[in-house]
Amino acid sequence: MENSDSNNTLRQFQILQETQGQIEVLNNQIVKINKHINNQKIKNKKAQVALESLDSVDESKKVYKQVSRL
Numbered sequence: 023m024e025n026s027d028s029n030n031t032l033r034q035f036q037i038l039q040e041t042q043g044q045i046e047v048l049n050n051q052i053v054k055i056n057k058h059i060n061n062q063k064i065k066n067k068k069a070q071v072a073l074e075s076l077d078s079v080d081e082s083k084k085v086y087k088q089v090s091r092l
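Be aware that the sequence shown starts at 23, since it is given in the numbering used here, and climbs by one per residue.
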């Protein structure tokens, strides 16, 4: 009976280690996704600012503004 308990405890420990490894992988993926989301937010904000600046240009004066690539 004691051997069976040891085996069960060892198996539970192995499962715990596997689970912790999976959690670490998922956390790393979450960090990458959050960085991507933040970069997309920055690009979106730059695009909004560029559009707002174009909206404020008086077309009758034929002023051309260069907008940097986003």
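Since the hints were derived computationally from the structure, they do not count as laboratory data. Here the structure is a predicted model, which is why all the values come from computation and not from measurement. The reader is advised that the hints may include incorrect statements.
Once the Cα atoms are required to be at most 20 Å apart in a straight line, the calculated SDA-like pairs of lysine to any residue come out as [unchecked claim]:
hint	residue 1	residue 2
1	54	73
2	67	48
3	67	56
4	68	56
5	54	71
6	57	47
7	63	47
8	54	72
9	57	67
10	65	49
11	68	52
12	57	41
13	67	51
14	57	73
15	63	53
16	54	42
So the derived label-pair ranges between C-beta atoms look like this [unchecked claim]:
hint	residue 1	residue 2	range
17	35	66	40 to 48 Å
18	76	37	53 to 61 Å
19	26	63	35 to 43 Å
Yeah, the Cβ is synthetic: ideal placement off N, Cα and C, and Gly gets one too.
Evaluated hints:
1. The suggested pairing of residue 54 with residue 73 is violated, with an alpha-carbon distance near 29 Å, which exceeds 20 Å.
2. At roughly 28 Å between alpha-carbon atoms, residue 67 and residue 48 are farther apart than 20 Å, so this suggested pair is violated.
3. Restraint check: the Cα-Cα separation between residue 67 and residue 56 comes to about 16 Å, which is no more than 20 Å; the hinted pair holds.
4. Between residue 68 and residue 56 the CA atoms are separated by roughly 18 Å; this keeps the pair inside 20 Å, and the hint holds.
5. A hinted pair counts as satisfied when its Cα atoms are at most 20 Å apart, and residue 54 with residue 71 does not qualify at roughly 26 Å.
6. Proposed proximity of residue 57 and residue 47 is supported: the alpha carbons are some 16 Å apart, at most 20 Å.
7. Distance hint between residue 63 and residue 47 is unfulfilled; the C-alpha atoms sit about 25 Å from each other, more than 20 Å.
8. A C-alpha spacing of about 27 Å is found between residue 54 and residue 72, which places the hinted pair above 20 Å, so the restraint is violated.
9. A C-alpha spacing of about 15 Å is found between residue 57 and residue 67, which places the hinted pair at or below 20 Å, so the restraint holds.
10. In summary, the hint linking residue 65 to residue 49 is not supported, as the alpha carbons are separated by about 24 Å, beyond the 20 Å threshold.
11. Taking the CA atoms of residue 68 and residue 52, the gap is about 24 Å. The hint is violated against a cut of 20 Å.
12. With a CA separation close to 24 Å, the supplied pair residue 57 and residue 41 exceeds the 20 Å bound.
13. Between residue 67 and residue 51 the CA atoms are separated by roughly 24 Å; this puts the pair beyond 20 Å, and the hint is violated.
14. For a cut-off of 20 Å, the pair hint linking residue 57 to residue 73 is broken: about 24 Å separates their Cα positions.
15. Among the hinted pairs, residue 63 with residue 53 is consistent with the structure: their alpha-carbon atoms are about 15 Å apart, no more than 20 Å.
16. Of the supplied pair hints, the one linking residue 54 and residue 42 holds, its CA atoms being roughly 19 Å apart against a limit of 20 Å.
17. Restraint check, residue 35 to residue 66: a C-beta distance of roughly 46 Å satisfies the suggested window 40 to 48 Å.
18. Look at residue 76 against residue 37: about 58 Å separates their beta carbons, and that is inside 53 to 61 Å.
19. The hinted window of 35 to 43 Å between residue 26 and residue 63 is violated, with their beta carbons roughly 55 Å apart.
Comparing the model with each earlier hint shows violations of hints 1, 2, 5, 7, 8, 10, 11, 12, 13, 14, 19; every other hint is respected.
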